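Novice: So the chains spell out like this:
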Amino acid sequence: MNAPRTLWALTVVVVTLSAALVSAAPAPDAARILAPPPEGFKRPTVLVYPLVDMAPLAEVSPAVVSTPAAQSNVPAFDAFVSALSRYPNLRVVAPASVVSRIKARRTWLEGVRVGAARADEGRDASAQVRLEDATRALADAARVFHEVEHAYVDPRAVARTELARASTLLEQGDALEANEAFVAALSTDARTRLRPEYDRAETIAALERARLGLLTAPRAPERFTRWPASESAAADVFIVRARHHAAQGGEPARLELVVVSANGTLVPETQPLPAGVPAEEAGGRLASRLFACLPFGGAAPVRRATREVRADVGGAGFVFLENPLDPFGHVGAAVHLTTQIAKRVSIETMAMVSNSIADSSAQITESMVTLRGAIAPGFETRLGAARFEAHVGLEVASPGAFVTSSNVYCRHFGVPTDGLGYQACVDGGGLDRTPRRVLVGAYASLGASLDLPEDLYLVARLNYAEYLFASGSSDLGRPLGGALSLGYQLR
Amino acid sequence: MTRRAPSWLRAGLFGALCLGATACGTDRALTGVWQQVCEGDASACADAPFVYKLHLGRFGDDLTGLVARYAKSGPAASFDTLRECGCYLVTSGSARALTTRFQIEPGMPSALGCPAVGHAFSAPGCKEAIANPPCQTVQFELDGESDTLVGNLKCDDAPPVTVRFEPVNERLRRTCVGACRNAPDTGSSE
Chain Y
1 MNAPRTLWAL TVVVVTLSAA LVSAAPAPDA ARILAPPPEG FKRPTVLVYP LVDMAPLAEV
61 SPAVVSTPAA QSNVPAFDAF VSALSRYPNL RVVAPASVVS RIKARRTWLE GVRVGAARAD
121 EGRDASAQVR LEDATRALAD AARVFHEVEH AYVDPRAVAR TELARASTLL EQGDALEANE
181 AFVAALSTDA RTRLRPEYDR AETIAALERA RLGLLTAPRA PERFTRWPAS ESAAADVFIV
241 RARHHAAQGG EPARLELVVV SANGTLVPET QPLPAGVPAE EAGGRLASRL FACLPFGGAA
301 PVRRATREVR ADVGGAGFVF LENPLDPFGH VGAAVHLTTQ IAKRVSIETM AMVSNSIADS
361 SAQITESMVT LRGAIAPGFE TRLGAARFEA HVGLEVASPG AFVTSSNVYC RHFGVPTDGL
421 GYQACVDGGG LDRTPRRVLV GAYASLGASL DLPEDLYLVA RLNYAEYLFA SGSSDLGRPL
481 GGALSLGYQL R
Chain B
1 MTRRAPSWLR AGLFGALCLG ATACGTDRAL TGVWQQVCEG DASACADAPF VYKLHLGRFG
61 DDLTGLVARY AKSGPAASFD TLRECGCYLV TSGSARALTT RFQIEPGMPS ALGCPAVGHA
121 FSAPGCKEAI ANPPCQTVQF ELDGESDTLV GNLKCDDAPP VTVRFEPVNE RLRRTCVGAC
181 RNAPDTGSSE
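Order-wise, the sequence lines are chains Y and B.
Sequential numbering from 1 applies to the first sequence in this note's numbering.
Sequential numbering from 1 applies to the second sequence in this note's numbering.
Hints are computed from structural coordinates only; laboratory data are not their basis.
This structure is a prediction, so every number in the text was calculated from the model and none was measured.
All residues carry an ideal CB built from backbone N, CA and C; glycine is no exception.
It cannot be assumed that every hint is accurate.
[To be verified] Not the full set, but computed from the structure, chain Y residues with beta-carbon under 8 Å of chain B: (1) A362; (2) I364; (3) Y409; (4) R411; (5) H412; (6) F413; (7) G414.
Only chain Y is shown next, with the shape it has when bound in the complex (with noise of 0.2 Å):
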């Protein structure tokens, strides 16, 4: 080996190697972080609710705008959800598009209807001074809205009706709970205050309290922190719920913040808001904190169709449609199990053994035992608890030994056993026999069930085949029959 071809080897093998290394080295975080996620990536939702702005607190008389709850007035916090937004591996639900679910629950439109009733109800029993009748009713309505979270949809009309609750407690007489209900009512709606024309004096001090007690000493009310009831609980979704203080006493104003998971765990984030910074900085600082703390999503869990296997016994019955004599019937016993392999898919096997009973001319001398077993795949259908199933397979048969006769005594007498029947009725004399044949044949089967209690179901069935070859010849075919069945619903 001479060293020039050495020497190109060598140069080949490290230029190889170093591509391999530099094609398996890891992407920067930055990258990875920005890049879009692969197919089938399960990206956790985070629902950002509707800013609760608490800043106007700090007005005597703030203006009573007419802004949907939905938007905010605050950039910092447009800012934050447009920065929380640009994370691909989350899936971010704009305020706007939290409302508008919160309002599709069904629970909404019924919570609002009783809400609004109940809340007309306390003001009329408070303008008829049955005040126990009116705190009673305009609790219910404050509870009521609450729960379906109405205070974002419309927080004016829900802090409206905490106020008017608050205002009755006092006439009572309950100080405490008066100002609980004035502070429910300032939370939900910073704006709320007393109409110009409101006289009594009281209520416009205990209100006031509230108010100034709430700006030197903030408290989020204990909704802010839980998990709606109207939200079913899932793992990967996530709530984030803001407020945003004013500047006090030196103090910037700033952003408050939590995160709420189903299973109850919190992360409370706060951004100061200095005068200053950009809105876009301190929003996309506090997105990034918050991402920071938000599981980075997985593969989507892959769909397991549940394989479902009913079983059912029960009795059957057929004719066989080909044959030589007037028809003539079978009963007996029939399992069917079903497998359902995909949503809409199923297997039937089916297992029947049957006796012959008696043909209206009674030729036929020995009852005749008859084996039937199939498998077919087919649909199926849900309507309510009933369940419609079609399937088409292979059959296969062995009716018993066929034994006729025409002679009147073999037919009235019987073949001859233990010394009865008629001596001379044997094969090739008054009988003709057809020896146990194996058919083989098209199945196909139609069947209704209707689920019952306990897992248990009842299904009718009614089924059909055409033999196609058999192991000798045969007279009989084309059975068509049907069964009744009680069955049980494996999981």
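Since the structure of chain Y is provided, determine the placement of chain B on it from the hints.
Specialist: Frame of chain Y; chain B shown alone:
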């Protein structure tokens, strides 16, 4: 033009209707047990030495079965098994329209499952009657189908006598062995 359903479909429907039934149609009418009635105007019973019980099986136009014969001890008929005196195979049976014809052959060794000799029957005079039958052949010609069979029986060439049978709810006999269970030989010569 009216189209008829295919034959296999009609047969199937018919079969489905018959499913569970042991027999369909009217071609099994007469099948059952018929007992001779001596009350009323059945003059045949008065002087006759025997009364009869018919165990018939009808298959369309064909008829077969057994006829059991009972010895009389007075004017009244008795069908006590102790008085049984012969059990014979029905031959040449036919059932057309409402007329039923058949015969038994007491003179032939044709008792299904029984020997021709009468040692198994203990009724008085029975052994002699079997050994020396008063009739070689008894022919029955009866009319009716459901409630009553009325007609006559004819012993060889003697004048026919009127007889009447009514159905009784008994198990249909398909062997004579029950009446001659001590017999050493079993089998039919038919």
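Novice: Hint by hint, say whether it matches the structure.
Specialist: Checked hints:
1. Hint status for Y:A362: holds, given a least beta-carbon distance of 6 Å to chain B, under 8 Å.
2. A distance limit of 8 Å between C-beta atoms decides the matter here; for Y:I364 the minimum to chain B is near 12 Å, and the interface restraint is violated.
3. A distance limit of 8 Å between C-beta atoms decides the matter here; for Y:Y409 the minimum to chain B is near 6 Å, and the interface restraint holds.
4. Evaluation of the Y:R411 hint against chain B yields a held restraint, the C-beta minimum of about 5 Å falling below 8 Å.
5. This hint holds: Y:H412 has a C-beta 4 Å from the nearest C-beta of chain B, less than the 8 Å allowed.
6. Proximity of Y:F413 to chain B holds as hinted, the smallest CB-CB distance being about 5 Å (cut-off 8 Å).
7. For Y:G414, the suggested interface contact is upheld, since its CB lies about 7 Å from the closest CB of chain B, less than 8 Å.
In the structure shown, a violation is registered for the earlier hint numbered 2 alone.
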